[in-house]
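Student: Residue numbering for the sequence shown follows the UniProt record's numbering, starting at 1 and increasing by one per position.
A couple of the hints might just be wrong.
Said to hold, decoys possible - For lysine-lysine, the following DSS-like pairs were computed, each having C-alpha atoms within a straight-line distance of at most 25 angstroms:
| hint | residue 1 | residue 2 |
| --- | --- | --- |
| 1 | 280 | 260 |
| 2 | 58 | 91 |
| 3 | 240 | 280 |
| 4 | 76 | 91 |
If you're looking for bench data, these hints aren't it; they were derived computationally from the structure.
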Amino acid sequence: MLLAIVRRINHDIQGASRHKSNTLETTYLNLIFDVLGKINAVQARLLAFHRDRPLEMKLCPPQPDTKEDVFDCYCKTAREENLNIQCDNCKLCWHGPCVSTYQEMMRDEWICDGCRLGRVATGERQKFGHNQDVPMLLDDIYAMRQTFLSTLSHRSGVSGLEPTVCLHLARWVDELETKYGKTAKAATRVIVHGILDYWEKGFPAANAGDNLTEEGEIRVILALLAQTSPLLLSFRNEMKFLIHLLSDNVSPSLRKLSIKTIERTVEGDHQLMLLPIITKAVSRRLTDDT
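With the sequences and hints as input, model every part of the structure.
Tutor: Structural data, given as structure tokens:
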């Protein structure tokens with residue numbers, strides 16, 4: 001729905017930019033640029049969070065113990081905490097609070113979220129092992145969607161959940177067919193049939209060892225949004241559109257509104273202002289009277 005709103009706004013703005021005298025009411029223009037800035041700011045914030053602290057799948061076999069703690073924590077620091085946890089598989093360390101894990105929650109074995117995703121992918125590859133083309137399709141996005149579906153299984157029976165699950169499955173199937181439907185038809189068909197079984201038979205059984213941490217569940221959702229959401233995938237083009245509105249052949253009033261929208265967007269990710277294309281475009285407009 002947000003993508004449809006953004007496209008409609010862009011259509012109206014593009015129409016106004018083609019005429020020297022704006023045909024749209026000033027109140028409406030102010031409103032749609034304000035809405036666009038708010039939507040872009042949220043997108044920028046989500047993309048920045050995923051960029052700086054991504055959740056990545058690990059397919060490494062169990063590693064030998066290490067004498068020194070090597071950190072691979074979401075916070076990207078090696079500071080000391082009251083509880084530092086070492087993954088029993090990859091042997092990398094995490095801060096307990098960063099993975100929503102505390103002393104009273106500790107068990108004999110603790111596996112990091114990246115290795116848990118790797119376990120999910122390995123299990124799926126074994127399930128489809130009879131087809132040699134299938135493993136290449138079982139990437140990190142597949143593992144994240146499988147894990148997210150397992151997370152939803154813990155909420156089975158919740159009112160209004162079924163449409164959410166159906167949408168998740170439909171998007172999952174569409175992504176696979178769009179990405180691999182032409183190059184690996186047979187393998188894609190096998191996996192799609194497996195996904196559609198969930199539609200008819202219900203949620204897959206989740207292994208306790210494959211469940212992500214509370215923090216991991218949040219990051220899976222953010223990773224899926226950043227890598228598969230049509231709205232977030234269009235963010236780069238949206239910024240190019242706003243930069244285009246700063247060109248000399250666009251009316252000063254639209255340039256002013258575009259500057260304000262870029263300013264609102266940058267509030268979500270300050271690093272955007274370090275991009276030369278944005279810096280140059282904005283600097284060029286500093287001489288405008290408006």
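Student: Each hint: holds or not?
Tutor: Results of checking the hints against the structure:
The straight-line distance between the Cα atoms of residue 280 and residue 260 is roughly 16 angstroms, inside the 25 angstroms bound, and the hint therefore holds. Only pairs whose Cα atoms come within 25 angstroms are accepted, and residue 58 paired with residue 91 is accepted, the gap being roughly 12 angstroms. Taking the CA atoms of residue 240 and residue 280, the gap is near 13 angstroms; set against the 25 angstroms cutoff, the hint holds. For a cut-off of 25 angstroms, the pair hint linking residue 76 to residue 91 stands: about 16 angstroms separates their Cα positions.
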